[in-house]
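Going letter by letter, the sequence shown gives residues 9 to 166 in the numbering used here.
Since the hints were made in silico from the structure, they are not lab data. One or more hints might be untrue.
Simulated pairs of lysine-lysine, DSSO-like, Cα-Cα distance not exceeding 27 Å [said to hold, decoys possible]:
| id | residue 1 | residue 2 |
| --- | --- | --- |
| 1 | K165 | K89 |
| 2 | K89 | K106 |
| 3 | K133 | K59 |
| 4 | K95 | K28 |
| 5 | K165 | K106 |
| 6 | K95 | K106 |
| 7 | K28 | K165 |
| 8 | K133 | K48 |
| 9 | K98 | K165 |
| 10 | K98 | K28 |
| 11 | K106 | K28 |
| 12 | K59 | K48 |
| 13 | K165 | K95 |
Derived DEER-like restraints, expressed as beta-carbon distance ranges [unchecked claim]:
| id | residue 1 | residue 2 | range |
| --- | --- | --- | --- |
| 14 | L113 | L81 | 17 to 25 Å |
| 15 | V157 | I136 | 28 to 36 Å |
| 16 | N50 | K95 | 34 to 42 Å |
| 17 | K95 | K59 | 46 to 54 Å |
Note that the structure is predicted; figures quoted are calculated from it, not measured. Ideal Cβ placement from N, Cα and C applies to all residues, glycine included.
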Amino acid sequence: REYERLKEQIMNPMANSDLKHLEMWGPIILSLCSSILLYKFNINIFSNELKLVEIMIGTSGTIFGFLLALLALIIQGSSPKLLELAKNRKTLMNRVIKYNRTVVLLALLCLAFSLIVMIFGDSIKNNIIISSIYAFLATAMILYTIIFVLIFYEAIKY
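Use the sequences and the hints to build the structure in full.
See below:
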């Protein structure tokens with residue numbers, strides 16, 4: 009019985025831990041805090057001639073494309089390593105797929121929002137609410153990408 013408990017902790021270190029909640033809600037809370045701070049102190053992230061938006065279009069587009077392709081490889085892959093991971097480390101692979109899907113959706117939202125801001129740049133670039141929403145999306149995407157990378161490397165290191 010003790011062996012099974014230790015095995016579960018090694019296979020899924022977040023299973024019975026408060027870190028599970030931090031992993032899941034931490035990026036949302038930090039993104040929300042950054043968004044609220046930008047709004048409260050009236051800081052507009054679009055003030056630099058939409059340079060940040062151009063950078064985020066490239067970044068979110070790259071993250072979206074790469075992780076979507078990676079998700080397809082993970083789900084449809086039949087390599088011996090992927091089959092072994094799916095069989096022996098099912099909970100960890102489920103986390104990898106879950107965070108991959110989350111980051112892909114956030115990257116798509118951030119990309120769409122960036123394109124909307126670029127199209128309507130002059131009319132909305134001074135809107136602090138849109139700036140705050142954009143900061144929330146961009147921060148969440150970056151933080152969830154970091155979490156995904158950490159979990160992905162944890163999954164493939166064995």
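Okay, the hints, checked on the actual structure:
1. K165 with K89: Distance ~11 Å between K165 and K89 Cα, so the pair holds.
2. K89 with K106: Holds, at roughly 19 Å.
3. K133 with K59: Holds. K133 to K59 sits at ~12 Å (cutoff 27 Å).
4. K95 with K28: Since the Cα atoms of K95 and K28 sit roughly 22 Å apart, the hinted pair holds (cutoff 27 Å).
5. K165 with K106: 19 Å, holds
6. K95 with K106: 17 Å, holds
7. K28 with K165: The given pair, whose Cα atoms are some 20 Å apart, holds under the 27 Å limit.
8. K133 with K48: 17 Å, holds
9. K98 with K165: Cα-Cα ~15 Å, so holds.
10. K98 with K28: Answer holds: K98 to K28 is near 17 Å, not above 27 Å.
11. K106 with K28: 13 Å, holds
12. K59 with K48: Answer holds: K59 to K48 is near 23 Å, not above 27 Å.
13. K165 with K95: 15 Å, holds
14. L113 with L81: 17 to 25 Å: With a Cβ separation near 18 Å, L113 and L81 satisfy 17 to 25 Å, so the hint holds.
15. V157 with I136: 28 to 36 Å: 32 Å, holds
16. N50 with K95: 34 to 42 Å: 54 Å Cβ-Cβ, so the 34 to 42 Å window is violated.
17. K95 with K59: 46 to 54 Å: Holds, at about 47 Å.
In summary, the one numbered hint that this structure violates is 16.
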